[in-house]
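Asks: Each chain, letter by letter, is given below.
Protein chains: 2
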Amino acid sequence: MELLKRAILERGSVVNKDILKVDSFLNHQIDVGLYNSIGKEFKKRFENAHVTKILTIEASGIGIACIAAQYFSVPVLFAKKTESLNTDSDCYESKVYSFTRKRDYKIRVSKKFLNKEDKILIIDDFLANGKAAMGLADIVEQAGAEIAGIGIVIEKGFQEGGKILRQRGFRVESLAIIDSMDKGQIKFRE
Amino acid sequence: MELLKRAILERGSVVNKDILKVDSFLNHQIDVGLYNSIGKEFKKRFENAHVTKILTIEASGIGIACIAAQYFSVPVLFAKKTESLNTDSDCYESKVYSFTRKRDYKIRVSKKFLNKEDKILIIDDFLANGKAAMGLADIVEQAGAEIAGIGIVIEKGFQEGGKILRQRGFRVESLAIIDSMDKGQIKFRE
Chain A
1 MELLKRAILE RGSVVNKDIL KVDSFLNHQI DVGLYNSIGK EFKKRFENAH
51 VTKILTIEAS GIGIACIAAQ YFSVPVLFAK KTESLNTDSD CYESKVYSFT
101 RKRDYKIRVS KKFLNKEDKI LIIDDFLANG KAAMGLADIV EQAGAEIAGI
151 GIVIEKGFQE GGKILRQRGF RVESLAIIDS MDKGQIKFRE
Chain B
1 MELLKRAILE RGSVVNKDIL KVDSFLNHQI DVGLYNSIGK EFKKRFENAH
51 VTKILTIEAS GIGIACIAAQ YFSVPVLFAK KTESLNTDSD CYESKVYSFT
101 RKRDYKIRVS KKFLNKEDKI LIIDDFLANG KAAMGLADIV EQAGAEIAGI
151 GIVIEKGFQE GGKILRQRGF RVESLAIIDS MDKGQIKFRE
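Line order of the protein sequences matches chains A and B. Using our numbering, the first residue of the first sequence is number 1, and each one after it goes up by one. Using our numbering, the first residue of the second sequence is number 1, and each one after it goes up by one.
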């Protein structure tokens, strides 16, 4: 997706060969116009997937999922990372290791909101090692629902997540795949 | 806002006199059509406030802020609750006590994204004791920016947050104000 790649090049910054900062438009400050283009592109790619619900994970995935859901006319469901007093006790749970936070955390989705008839589109802002997407897929499978696909805004192609998910047979659509960021140079996959 | 009140009555559930569950449409599963109506209503109420940016807090505020921002044609900025490797070190910080999580947490916004010329609309899903909104307002004031107003989806009118914020001179627009939930009966403020 050219508009996204241009935003990454012009407004992102490479911190080191592993870390890309896109906090000026994607995951801290949000360019809602760009989110709309991203949402339309997900709709185009999953046009015939008969998506019934979009599943994402807090926090950065929520805005993207909500904007995209407008084009699919389906509800959004977001997995919660922390337990609060208001969390439903009857939940599907999965464990996710976060490399950025250097610890395991549980993700939870209330059982009320997933059922066997659902065709779920999983959406997230980043795909790196794939742990978050695997946790979400695990939850969908626990519910006996179908995974229509996985929509990612930026895939770090030099990490293993995309490969693992595709080998497991999931349809992964990443709108920009970065193959390397060596010496501060972003190389996109063709 | 009648559509919202109807959703609360028909799809919400009163857990006890203090806790309202709206996780089927507002803060776990999301009815994006309702979010759109909420966004339009915020635009109507803050039509002449010359908002330059919407500020919210992760996680539930993000989707509402993104959908609302479409009507204002401004960026969204969301305060982060936890420190990760990718968090900017040059941040405005404030401390917030969460009654649902029973602990203090820090919220952070990168200094890059707030400046003196900004007129900030603060948006959140709930207003109860007002701690989150006060923390966000504190951050806006640290940046020397102006607070155009505070837009809340559901205000628990029987808690003190709304009163405190209005006494501080903020324009608070809550789309539904609940005055009591005694015996499972939701009473809205007229």
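Rather than coming from a laboratory, the hints here were simulated on the basis of the structure. Be aware that one or more of the hints could be misleading.
Because identical chains cannot be distinguished in the list, a pair is counted as satisfied if it fits within a single copy or across any two copies.
[As the list claims (entries may be wrong)] Using 20 Å as the maximum straight-line C-alpha spacing, the simulated EDC-like pairs for lysine to aspartate or glutamate come out as follows:
1. K95 / E47
2. K111 / D31
3. K163 / E93
4. K187 / E146
5. K40 / E160
6. K112 / D31
7. K17 / D182
8. K40 / D182
9. K112 / E10
10. K119 / D179
11. K44 / D104
Asks: For every hint, state whether the structure bears it out.
Replies: Results for each hint:
1. Taking identical chains as interchangeable, the C-alpha atoms of K95 and E47 are never at most 20 Å apart, the minima being 31 Å within one chain and 44 Å between chains.
2. In this homomeric assembly, K111 and D31 come within 20 Å of each other (Cα to Cα) only across copies, at 17 Å, whereas the closest approach inside a single copy is 33 Å.
3. In the homo-oligomer, the alpha carbons of K163 and E93 never lie at most 20 Å apart, since the shortest distance is 24 Å inside one protomer and 38 Å across protomers.
4. In this assembly of identical chains, K187 and E146 lie within 20 Å of each other by CA distance neither inside one copy nor across copies; the values are 34 Å within and 41 Å between.
5. For the homomeric pair K40 and E160, neither the shortest alpha-carbon distance inside one copy (27 Å) nor that between copies (42 Å) is at most 20 Å.
6. Proximity of K112 to D31 under the C-alpha cut-off of 20 Å is restricted to the inter-copy arrangement: shortest distance 15 Å between copies versus 33 Å within a copy.
7. In this assembly of identical chains, K17 and D182 lie within 20 Å of each other by CA distance solely inside one copy; the values are 5 Å within and 57 Å between copies.
8. For the homomeric pair K40 and D182, neither the shortest alpha-carbon distance inside one copy (31 Å) nor that between copies (45 Å) is at most 20 Å.
9. Taking the shortest Cα distances, K112 and E10 sit within 20 Å of each other only across copies (16 Å), while inside one copy they are farther apart (43 Å).
10. Taking the shortest alpha-carbon separations for K119 and D179, neither the intra-copy value of 30 Å nor the inter-copy value of 40 Å comes in at or below 20 Å.
11. In this assembly of identical chains, K44 and D104 lie within 20 Å of each other by CA distance neither inside one copy nor across copies; the values are 34 Å within and 43 Å between.
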